[in-house]
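Colleague: To convert, note that position 136 of the sequence shown is 136 in the UniProt record's numbering; the numbers rise steadily by one, no gaps.
Derived by calculation from the structure, the hints in this document are not laboratory data.
Treat each hint with caution, since some may be false.
As the list claims (entries may be wrong) - Below, simulated DSS-like cross-link-like pairs (lysine-lysine); rule was C-alpha separation at most 30 Å, straight line:
{"#": "1", "residue 1": "Lys58", "residue 2": "Lys245"}
{"#": "2", "residue 1": "Lys82", "residue 2": "Lys476"}
{"#": "3", "residue 1": "Lys58", "residue 2": "Lys476"}
{"#": "4", "residue 1": "Lys428", "residue 2": "Lys418"}
{"#": "5", "residue 1": "Lys418", "residue 2": "Lys461"}
{"#": "6", "residue 1": "Lys476", "residue 2": "Lys428"}
{"#": "7", "residue 1": "Lys264", "residue 2": "Lys303"}
{"#": "8", "residue 1": "Lys476", "residue 2": "Lys245"}
{"#": "9", "residue 1": "Lys303", "residue 2": "Lys271"}
{"#": "10", "residue 1": "Lys475", "residue 2": "Lys245"}
Claimed, not checked - What follows is a list of derived Cβ distance ranges for each label pair:
{"#": "11", "residue 1": "Glu244", "residue 2": "Ala174", "range": "26 to 36 Å"}
{"#": "12", "residue 1": "Asp267", "residue 2": "Glu315", "range": "24 to 34 Å"}
{"#": "13", "residue 1": "Ser185", "residue 2": "Gly458", "range": "19 to 29 Å"}
Nothing here was measured: the structure is a model prediction, and the numbers come from that model.
Note that beta-carbon positions come from the ideal geometry of N, C-alpha and C, so glycine has one too.
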Amino acid sequence: MAALAAAGINGHSNGTGAPCEARPDGTRLADGITAASAGSGEWARVLSQVQPAIVALKVTVVCSFEDDQAAVALGTGFVVDKERGLILTNRHITGVGPVRATAIFDRHEELEVEVVYRDPIHDFGFFRYDPSRLRLTSAAEIVLDPAGLTVGSEIRVVGNDAGEKLQILSGTIARVDRNVPEFNSVYNDENTFYAGAGAGTSGGSSGSPVLIASGRAVALNAAGTDGAASSFFLPLHRVCYSLEKLRHGLPVPRGTCMAAFLFKAFDELIKVGLQQRHEEEVRAVFADATGMLIVDSVLCEQKVLRPGDILLRLESQVCINFVQLEERLDANVGSCLAVLVSRGGLEMELQVPIVDLHALIPRSYAELGLDVVHGLGYHAARRAHLPLDSGIYLARPGYIFESLNCDWGSLIISAAGKPTPNLDAFVKAIEDIPDRQYFPVLWYDLRDFRRDRQMKTGFAKMSRAWSPLRIWHCKKGAGDGPECWESMDMPLPSSLPRIPEPPPW
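Input sequences plus hints: build the corresponding full structure.
Modeller: Spelled out as structure tokens, the structure:
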């Protein structure tokens with residue numbers, strides 16, 4: 001990936017020494033952009049207004065966590081609240097574990113930013129910076145407009161495409177009802193529509209605002225297709241919900257029924273039991289409806305819903321879109337929802353429990369001998385179709401587990417003859433093992449778990465020479481303040497028992 005573009009000689013340079021073009025009203029166009037190259041005069045004005053709110057992000061993942069390996073990543077973000085210093089970007093840019101990040105503003109000012117919220121499911125998160133530390137860049141923010149995301153809208157994607165700090169890509173919204181893109185990784189979004197356009201975005205543009213001619217952001221650039229111009233954008237309904245909570249200093253409730261839904265057309269649903277009268281009931285409420293929601297997959301803990309269940313009603317209301325579904329889920333954490341589904345052509349009334357989604361995401365990890373482990377999270381459990389208490393996830397193999405050929409993405413289910421359903425059980429299992437002593441380990445390789453479900457066994461050698469057994473816990477970060485990771489060192493065990501000398505011959 002290309003490195004960030006070099007800063008200009010001063011705040012009014014485009015990086016080549018040439019002055020940036022100014023407009024009669026005093027606004028400045030993007031570096032290297034003229035009114036002609038920006039498109040119409042209206043777009044040139046819009047881009048000059050939003051430019052100070054768009055930042056390039058440099059994120060250092062300081063510790064491997066889930067499938068985020070310790071590395072440096074580039075991305076884009078944009079200011080959505082200039083008074084509180086809130087920057088919106090993608091979840092895969094904020095990372096899922098401990099990170100250190102820097103935002104590079106319009107006039108090449110660099111400020112440290114901290115994670116205040118990352119959504120447990122959708123691909124968005126928020127950084128925070130100190131607005132008082134900006135000296136050269138004017139304060140600006142971009143207004144969010146979820147309702148403005150419509151088919152046929154002309155858009156501009158402005159961001160750090162290919163690590164170039166500022167690029168402007170154009171496109172036209174082709175559809176707004178696409179199911180979530182599928183990634184070959186632990187993480188995958190669910191229970192939302194995505195929008196699509198042929199914008200040709202690439203690495204570095206993740207987190208860029210998708211702008212319409214009014215200068216408002218209607219979506220968040222999230223993904224693309226290799227070898228094609230297709231770009232996928234996340235709608236902003238849950239983003240606005242979360243932002244409003246953050247502005248008031250409140251936690252962000254997020255609920256889940258531990259099931260992932262997909263949107264399917266009526267003709268497809270008829271093949272799995274949808275009756276004609278069900279379609280007519282939906283069309284009576286939503287005249288332009290073309291399909292409904294169906295359960296695609298469930299977690300093992302979900303005992304009520306099944307894959308193939310067609311959602312007919314939610315709390316006695318016809319529900320065919322993800323916005324309505326998630327509003328009810330987030331408003332009923334800890335309680336149950338009355339759900340009417342069609343299962344194999346039969347109507348069934350169900351009481352579905354709603355679980356706190358934040359509680360299903362790992363918020364602590366242990367490190368020892370460069371090995372990093374944490375609990376099995378929601379996304380890994382759903383992808384492998386395993387219970388959440390199946391074992392602990394090896395995010396990085398070090399001196400202990402690498403000797404077993406136990407690679408990252410492995411699920412350790414037993415250590416030293418003791419089951420390890422969660423991180424606390426793992427710590428208790430190994431905390432008394434002395435240095436250099438061997439102990440048995442049972443594990444699965446989750447990276448190819450759908451084809452290879454053979455349990456693996458071996459003996460690992462304890463290594464305490466590099467560091468003590470250290471437990472890290474994440475404080476706050478779910479909307480109640482910036483993330484703060486605190487560590488606790490476990491006491492060293494007693495030394496190996498002395499081996500008695502052999503008797504004399």
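Colleague: Is the hinted pair Lys303 and Lys271 satisfied, with a Cα-Cα distance of at most 30 Å?
Modeller: holds (24 Å)
Colleague: Is the straight-line distance between the alpha-carbon of Lys418 and that of Lys461 30 Å or less?
Modeller: Roughly 16 Å separates the two Cα atoms, so the pair holds.
Colleague: For the range 24 to 34 Å, tell me whether the beta carbons of Asp267 and Glu315 fit it or not.
Modeller: holds (27 Å)
Colleague: Can you confirm whether the C-alpha distance between Lys58 and Lys245 stays at or below 30 Å?
Modeller: holds (26 Å)
Colleague: Has the given pair, Lys476 with Lys428, been kept, meaning a C-alpha gap of at most 30 Å?
Modeller: holds (25 Å)
Colleague: Within a Cα-Cα threshold of 30 Å, do Lys475 and Lys245 meet the stated pairing?
Modeller: holds (18 Å)
Colleague: Given the hint that Lys476 pairs with Lys245, test it: the Cα-Cα distance must not exceed 30 Å.
Modeller: Holds, because 14 Å separates the two Cα atoms, which is no more than 30 Å.
Colleague: Does the hinted range 19 to 29 Å hold for Ser185 and Gly458 at CB?
Modeller: holds (26 Å)
Colleague: Is the straight-line distance between the alpha-carbon of Lys264 and that of Lys303 30 Å or less?
Modeller: holds (23 Å)
Colleague: Run the distance test for Lys428 versus Lys418: straight-line Cα separation, threshold 30 Å.
Modeller: At roughly 9 Å apart (the allowed maximum being 30 Å), Lys418 and Lys428 satisfy the hint.
Colleague: Given the hint of 26 to 36 Å, check if Glu244 and Ala174 actually sit that far apart at their C-beta atoms.
Modeller: The hinted range 26 to 36 Å holds for Glu244 and Ala174, with Cβ atoms some 30 Å apart.
Colleague: Given the proposed pairing of Lys58 with Lys476, does the C-alpha separation stay at or below 30 Å?
Modeller: holds (23 Å)
Violated hints for the displayed structure: none, as all numbered hints are satisfied.
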